Structures are given as structure tokens and as C-alpha cells.
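Sequences are here, hints too, so could you generate the full structure?
Following the working numbering, the numbering of the sequence shown begins with 2 at its first residue and continues without gaps.
There could be a bad hint or two in this list.
[Said to hold, decoys possible] Cut-off 25 Å, straight-line C-alpha distance, at most; resulting in silico cross-link-like pairs (DSS-like, lysine-lysine):
1. Lys57 to Lys37
2. Lys57 to Lys42
3. Lys57 to Lys90
[To be verified] Estimated spans, in silico, between C-beta atoms of each pair:
4. Leu103 to Leu75: 17 to 25 Å
5. Glu54 to Lys89: 44 to 52 Å
6. Leu106 to Glu54: 15 to 23 Å
7. Val114 to Leu21: 21 to 29 Å
8. Lys97 to Lys37: 12 to 20 Å
9. Asn27 to Ser105: 34 to 42 Å
10. Gly55 to His25: 33 to 41 Å
11. Leu83 to Lys57: 19 to 27 Å
12. Gly55 to His110: 16 to 24 Å
Source of the hints: derived by calculation from the structure; they are not laboratory data. It should be emphasised that the depicted structure is a prediction, and the values quoted were computed from it without experimental measurement. For every residue, glycine included, the Cβ atom is placed at its ideal position computed from N, Cα and C.
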Amino acid sequence: MVASGFKDSVDEDCWAPLGLSLVHSNDMLSVYTSSKTLAEKVGLSYYDNVNGEGLKVVSLVCTAIGGDTFLPCLTGSQESLLAQITRKKEASRILKFLHELLGSLPLVHILDVC
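In C-alpha cells form, the structure reads like this:
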């Protein structure tokens, strides 16, 4: 599957099919991506199912998040973003996977989403 174009916004029509085989994927990335997609679908289903009125749901899809942390170690996103400097192959693989899955590498600073 190859991206055929980009939209101005991301919605449910942009979901990759579950079980999509990608060159830079592995078991952990496949399971993680599938679980995130399924959880998103369940969350969004509440819009249609609560007393006929629906629950308004907003979902932020933040793939790579950079910035400060209170954790004593780097987050997965931070390790991936530093992969070109640290030369950690698995961290670099995650960036390649995201690019292959999305056609780009969306990046956001933690302060912009919190």
C-alpha cells in the first residue's frame, strides 16, 4: 500500500488497515499500532451510542513527541528523535516505520499538546 495523497486533516478515513504488512514493522510495532487503532475506534463509537445524543470525543494523534520530561530516562519518542545522533538502530526503525505508515513524520512538542 502506498500513500496516494495527503488530506488537510486526519480523520477515521486515514486509518491504515489492521494487519497491514510494512517493511520497517516488527511484532511490537504491529501490535501497538493495532491496539491504538482499536482503542480509538471504541472511543469514537461512544459518539453514536450514548442515549442517542452521543458523547463528543476529540482524539489527538501525536506520533513523535519531543521536549522535556520528568522521567529519569528518555521516552520512546525522544529516543527515536535522537536516533541519528545515538545511532540506535531500533529507535531509527521506529521513525522509518512511522514514515512508511503515515507518509510523513508528524512531530509535536510536549508543551503544545499538554
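Item checked: Violated hints - listed by number, lowest first -> 3, 6, 9, 11, 12
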